[in-house]
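Visitor: Position 3 of the sequence shown, counting from 1, maps to 3 under full-length UniProt numbering, and the rest follow consecutively.
Quick caveat, the hints were computed from the structure, so don't treat them as lab data. In this text, all values refer to a predicted model and were calculated from it rather than measured experimentally. One or more hints might be untrue.
PhoX-like cross-link-like pairs, simulated, lysine-lysine; straight-line CA separation at most 20 angstroms [as the list claims (entries may be wrong)]: (1) Lys102 <-> Lys134; (2) Lys56 <-> Lys72; (3) Lys134 <-> Lys84; (4) Lys72 <-> Lys93; (5) Lys102 <-> Lys84; (6) Lys122 <-> Lys138; (7) Lys142 <-> Lys93; (8) Lys23 <-> Lys42; (9) Lys42 <-> Lys62.
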Amino acid sequence: MHETSSLDLQMLDIISKALNSPKVNFDELAVKIYDDLNNLYKEKNDLVNECRDKGKFKNLTKDQFVFSADYKIRTLGQILNSIKIDDYSEEYKEEINSIRNKFAHAVLIHDNATGRDYFKYKEEGITFDEELCKKIRKDIIKHKKNFDDTIRVLEAE
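With the hints as extra help, turn the sequences into a complete structure.
Guide: What follows is the structure, given as structure tokens:
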């Protein structure tokens with residue numbers, strides 16, 4: 001995964017440099033991208049409105065673009081409160097989702113002085129070292145158990 005994060009950063013660097021270059025003209029491409037994005041957002045907006053108007057929340061949950069992780073976590077919180085289980089959704093958001101997002105954008109760093117390889121998220125961000133990986137594993141196990149317990153309660157109804 002670190003390779004793709006590094007490549008993404010390099011691609012953004014290339015784009016940034018090219019945006020300042022008189023040799024590259026983005027006018028035609030920019031118009032196409034603006035149009036594509038407007039069409040995509042209109043399509044997704046239409047889906048949201050249709051689901052809302054017809055009371056089809058279930059259909060909304062099937063669209064991964066619209067029904068993002070944040071909405072899944074908020075929905076989980078509602079479920080937990082409804083079935084009278086302690087709401088662990090915010091913990092999940094911080095301990096799993098936030099870490100996953102940071103790790104997806106972390107870059108592999110090699111420390112020449114120590115010979116150690118580790119992942120780093122932004123300059124002011126966190127370092128994905130052995131200790132953090134142990135904590136992440138512990139949190140994954142905790143939330144797997146939370147999910148299993150929640151499913152058991154839902155299936156018992």
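Visitor: Please go over all the hints and tell whether each is borne out by the structure.
Guide: Results of checking the hints against the structure:
{"no.": "1", "hint": "Lys102 <-> Lys134", "in the structure": "holds, 16 angstroms"}
{"no.": "2", "hint": "Lys56 <-> Lys72", "in the structure": "holds, 16 angstroms"}
{"no.": "3", "hint": "Lys134 <-> Lys84", "in the structure": "violated, 31 angstroms"}
{"no.": "4", "hint": "Lys72 <-> Lys93", "in the structure": "holds, 10 angstroms"}
{"no.": "5", "hint": "Lys102 <-> Lys84", "in the structure": "violated, 31 angstroms"}
{"no.": "6", "hint": "Lys122 <-> Lys138", "in the structure": "violated, 24 angstroms"}
{"no.": "7", "hint": "Lys142 <-> Lys93", "in the structure": "holds, 13 angstroms"}
{"no.": "8", "hint": "Lys23 <-> Lys42", "in the structure": "violated, 33 angstroms"}
{"no.": "9", "hint": "Lys42 <-> Lys62", "in the structure": "holds, 18 angstroms"}
The earlier numbered hints that this structure contradicts are 3, 5, 6 and 8.
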